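Chemist: Spelled out from the first residue to the last, the chains are:
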Amino acid sequence: MTAEPNRIVFTDVSKFYGEVLGVNKINLKIGPGITSLVGPNGSGKTTLMNLMTGLIRPTRGEIEVLGTRTDAPETFYSMVGYCTQFDTFPKGVTGFGLIYSVLRLHGRTRREAEEQAWQAIEQVHMTDAAHRRVAAYSKGMRQRIKLALAVAHHPTVLVLDEPLNGLDPMARAESIALFEKLAEEGLFVIISSHILHEVDLMSDCVVMMSNGYVVAEGDIQEVREEMSEHPIGIRVRCDRPALLASRAFSENHVVEVRIEDDGAGVLLRSRSVDQLYALVNRVVLEEALKIEGVTPVDEDVHSVYSYLIGSNGAGRL
Amino acid sequence: MIPAIELDNLSVLFSGRPILKGLSGAFYGRAIGLLGPNGAGKSTLIQTLLGFHPPTRGSARVLGMDVRTQIREIRHAIGYMPENDSFITRMTGIRLVRMMAELSGLPPAEALERAHETLFHLGLGEARYRDVGTYSLGMKQMAKLAVAIVHGPRMLILDEPTNGLDADGRKRMLEIIREIRDSHDTQIILCSHLLRDVEECCDEVVILKEGLLVTHCNLEAERRTNRKFIQVETRGETGVFLTRVEQLGCELAVNGSRRLKMILPETVEVRDLYHVAAETGVQIRRLDYKRDSLQDIFLKAMEGSNGRT
Amino acid sequence: MAVHRRGYHQYDGPRTPERWRFWILARYAFRRVFRLRLVAIFYVICFIPALIASSAVYLSHNVDVLASLFQGERFSDAELVPVTAEFFLFLMTFQASLSVFLTALVGPGLVSPDLTNNALPLYFSRPFSRVEYVLGKFSVLFVLLWLVTGAPMLFIYLLKSSLAGWSWFVDNLHLAFAIVLGSAVWVSLLSLVALASSAWLRWRPAAAGMLFALLFFPTGFGQAANEIMRTGWGSLLNAIVVIGTVWNSLFYIDDADGYARAARALNPMGRVADPIPAWTAWLVVGTVCAVSLLMINRKIRAHEVVR
Amino acid sequence: MSIEQIGVVAGFEMRKFRAGRKWFFPLLLAAAPVSLVSLLLLFDPHPPSNSDITRVFAVMFQTFMLRLMILFGCALVFANLYQGDMVTRTIHFYLLAPVRREVLVAGKYLAGLLITSVLYGASVGIPNILIHSANGQAVAEAHFFGGPGMRELLTYVGIALLACVGYGSVFMLTGFLFKNPAVPAAFVLVWESANVFLPSALQKISVVHYLQSIVPVPIPIGPFAVITAPASVFGSVTGLALFTVAVLIVNGLLMRKAEINYVSD
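Residue numbers (my numbering), protein chains in the order written: chain C, 1 to 317; chain F, 1 to 309; chain G, 1 to 307; chain Y, 1 to 265.
A portion of the hints provided could be inaccurate.
Stated by the list, open to error - With a Cα cut of at most 27 Å, we get these calculated DSS-like pairs of lysine-lysine:
| id | chain 1 | residue 1 | chain 2 | residue 2 |
| --- | --- | --- | --- | --- |
| 1 | C | Lys290 | F | Lys261 |
| 2 | F | Lys261 | C | Lys181 |
| 3 | G | Lys299 | C | Lys91 |
| 4 | Y | Lys179 | G | Lys299 |
| 5 | C | Lys290 | F | Lys290 |
| 6 | C | Lys139 | Y | Lys22 |
| 7 | C | Lys139 | F | Lys300 |
| 8 | G | Lys299 | Y | Lys22 |
| 9 | Y | Lys257 | C | Lys91 |
| 10 | C | Lys139 | F | Lys21 |
| 11 | C | Lys139 | F | Lys171 |
| 12 | C | Lys29 | Y | Lys179 |
| 13 | Y | Lys204 | C | Lys25 |
| 14 | G | Lys299 | C | Lys139 |
| 15 | C | Lys91 | Y | Lys204 |
| 16 | F | Lys300 | C | Lys181 |
| 17 | Y | Lys257 | C | Lys29 |
What the hints assert, rightly or not - Chain F regions said to be covered by chain C (calculated; three or more residues, Cβ under 8 Å):
| id | segment |
| --- | --- |
| 18 | 34–43 |
| 19 | 107–115 |
| 20 | 152–166 |
| 21 | 274–287 |
The set of hints was computed from the structure by calculation and includes no laboratory data.
Because the structure is a prediction, the values reported are computed rather than measured.
Where is the CB? At the ideal position from N, CA and C, for every residue including glycine.
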């Protein structure tokens, strides 16, 4: 089993709760940077994260995070931070008290623990509510404390289960910026989320799951290009769509061309995305077209999601 | 047209701590988005409108009825969908929805008929005969919505309806909310953190911050007046390209590795961008006009009054 | 062929009167209570003692039927089963203990399903007040328990008076009154305590356990206090003594020495101290009901305000 | 390093215990004997002589305090240490900490032990002092400083602490295995109270046997009890210590394989 010190490796991992399927035959290698876990509810995202952080053990297969196994708690958890989906807290504890105690568990001295706890609380802008009881917090404030808890001990692997759930737009933007900063520092940031346009914004690599299987994995554009059964499409809004359409047909890589019903735009589909954009750039210059906009039709996570999962996977809600 | 909600210097205090500080305003929109950072008092405002908390000072009127005196009449006309999980275990979907309809005053036969109709309308097919505890998260949200609309209210208050739903669930929920909004004069108060959802459903937006009403604007109007700017995505080495574009006099803002935001002066045509791109060996991929989205309105509201950025 | 767009439409049809809306909760609760076979069976069992008692009363009136059964056994004309206050008191105590088990079975399941999953906002965002909610839940238990305690004894009373004639009915009227009120007091006390424990202890077995704990632990403590301080006041904590005194004060309303005799019987180890006066028992019942109501009110709120 | 972590876990558990309103019933139990005795002192005009008092206290200690109060008190406190986290779904805060699982078990046990020994040490000691001073100051001083009073008091409190040690580990393990703490508590109560009638071999596998033999004022244990040789003081203490360590080790092993399964009821 090749010990890869710089990857999170899943080899043939399956997890069953009795006969209920958690995840099945997962083979993954996750590198540094932001990796987004995307998939409908119950597709195994949380199970995968619980496996990765050792909260549950796989029924079959091996998991290695940066070369260490998940069942050596004292070394494993000093490098892993997990912001779980559970919205429950020990009774009567305050925000600061919780982070301080956990840091003390991490072996920090009293002064270090206090300092780092306060640092993490500042990062999530919870300084004024830190000394109030967590029971009195709103959902968003609880979420920020969980985030602070996960980053307080400066882990190298950060696993976040729907970290933005319940956060207000300001906090969402700040959290995404924080994640991107941590990813640039070389951390492994694994985020599960349902808000696809946010996933599109922040993630370098996406893992798409459905019914416990990994359906696709890798950079969004590469994944999209691999899906040969759905040729890439772009929509060009310009003054003479018919001209562009005729020029497009002359190229052999173009598969489909459709003039939009309002007559001010054309939809082009082609097997190779580079040649398609090159064609558009060339025609605009040669024919002096007046361009209103050039937008890819199905290149983002939304479309990949609906092609791979929308149709077969999530029949139900 | 009586306003959906009318606030007159409404203040609410929890054991001394001021939560709402003198809100005033009349909101007529068919679908009003209620926004604000955590702890801004959104939930408190909703609960005051529902009569869960008495207002400490000032008054609030819902559909022309005063919260202090006609609360029972208000609750007839309102359908409320609470934020977090809220259902009764060991009860089937149909029985839960039917009981709630009867509690709103519908006679038993009428309640059963409307319960089935609502559950069919929301896509909870055969699951309606199963225990609500066994529902998935998406189905629980739909069950909550069913409970909120089964008694045919004139106004719907939805607290984070799409929270935690997956992509399909959110699409389905937003479709239904829009459909209810367009079925003659049912008004909707949508409280959410997902600005895209609010943008898709609401025509009026109210933004609270630390118990104060910071912004109240009509989205349609806002969309028309905003400055237009271009968002461009490129492929290839953009260093030289950027300098050339600035020389053309475009105001430039770069956010994210490959995404550019720029404002073209009158003299510059889009085609010129392509010229510059061709000369500097850069390929223009995505290019479209963008307006100030709700995100920007929200950020402006936050910065407006000593926002912390 | 027209496409029917079944969209959402408002309802402005007739509305049910608000007075009886609390009964909706009871109607739905009854259906759920009897879904558990164990509860249904136990409920039937609770009627058996009343059945035996009423057949005994009937037989004691038709001595000839009895004679034919035992071929020529000579029977004195005195009533076989004297239907007096003692008879009803004995039956009442028996039925009351059965009703405790019934409450432990049914009680916890009434409020906790609403609380564990935060369903109260669904109730109170409708024209349905907290008073109606508590009244609805209370009426479920009250009806269930009263049918097991008060109703059968009332039936026996009527059976007896139909057999013994109109005069017996008139001069024993105070017994009927005592049956109805006595069982009503006990049943409301039990229901309120069950609702309070179900509201505070969301975990079902804990709520049932609390009910039994409230019956036995104070009793033990009261007895120990009596023992040590050699007074009678400790039995104020003893549920059986308290409700027994309340019943005695009702059944022997006009018969002083009957009351004294029953009171002493109730308080066997009251060696030197005299049994607790009736008004203190009523006071204890009153305070327990009030405290339970306060506890219920504290928990049944639309929004949990956490300081 | 791990000693300090045990201290941190214990501190955190005690703070949770105090804040989580879980102290109500154990405190109620502990207050029972104290209030009973103080009631006696306030209302009883003519208290019995000191020798009767010692006998009354011995009876009260062995029947109510040792078998009922401390047993149920420990059941409530210790079972909650693990189960509390499972039921409130907060066990993941611990499982995610870089702490050896045995340290978690030791920390929780230490917290439980401190709480119960303070509660039940006091609820045994205070009544003893109060009850013996019922006949006025002079008699009390004679009893405690002159006579065997002080030694008796210290032995009683010592036994209470040992009981907490023994019962603590037992209920921590059962709290780990069973979701509903009432079942094992009832089972242990039956096992301990029937201890007198069990064959001597079985008597050794129980906490009360060791404590029974070092009680200062023995009481007649009923006609048909099976008499076994009372263990020496040293024997009983080490026996109990071994018993506790064994149970904690088993607990540690189980904790290593613990997984979260927050199944909604």
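Chemist: Confirm or reject each hint.
Modeler: Outcome of the hint check:
{"no.": "1", "hint": "C:Lys290 x F:Lys261", "result": "holds, 20 Å"}
{"no.": "2", "hint": "F:Lys261 x C:Lys181", "result": "holds, 21 Å"}
{"no.": "3", "hint": "G:Lys299 x C:Lys91", "result": "holds, 18 Å"}
{"no.": "4", "hint": "Y:Lys179 x G:Lys299", "result": "holds, 25 Å"}
{"no.": "5", "hint": "C:Lys290 x F:Lys290", "result": "holds, 17 Å"}
{"no.": "6", "hint": "C:Lys139 x Y:Lys22", "result": "holds, 25 Å"}
{"no.": "7", "hint": "C:Lys139 x F:Lys300", "result": "holds, 24 Å"}
{"no.": "8", "hint": "G:Lys299 x Y:Lys22", "result": "holds, 18 Å"}
{"no.": "9", "hint": "Y:Lys257 x C:Lys91", "result": "holds, 25 Å"}
{"no.": "10", "hint": "C:Lys139 x F:Lys21", "result": "holds, 22 Å"}
{"no.": "11", "hint": "C:Lys139 x F:Lys171", "result": "holds, 23 Å"}
{"no.": "12", "hint": "C:Lys29 x Y:Lys179", "result": "violated, 38 Å"}
{"no.": "13", "hint": "Y:Lys204 x C:Lys25", "result": "violated, 51 Å"}
{"no.": "14", "hint": "G:Lys299 x C:Lys139", "result": "holds, 21 Å"}
{"no.": "15", "hint": "C:Lys91 x Y:Lys204", "result": "violated, 39 Å"}
{"no.": "16", "hint": "F:Lys300 x C:Lys181", "result": "holds, 24 Å"}
{"no.": "17", "hint": "Y:Lys257 x C:Lys29", "result": "holds, 26 Å"}
{"no.": "18", "hint": "34–43", "result": "holds (count 7)"}
{"no.": "19", "hint": "107–115", "result": "violated (count 0)"}
{"no.": "20", "hint": "152–166", "result": "holds (count 5)"}
{"no.": "21", "hint": "274–287", "result": "holds (count 9)"}
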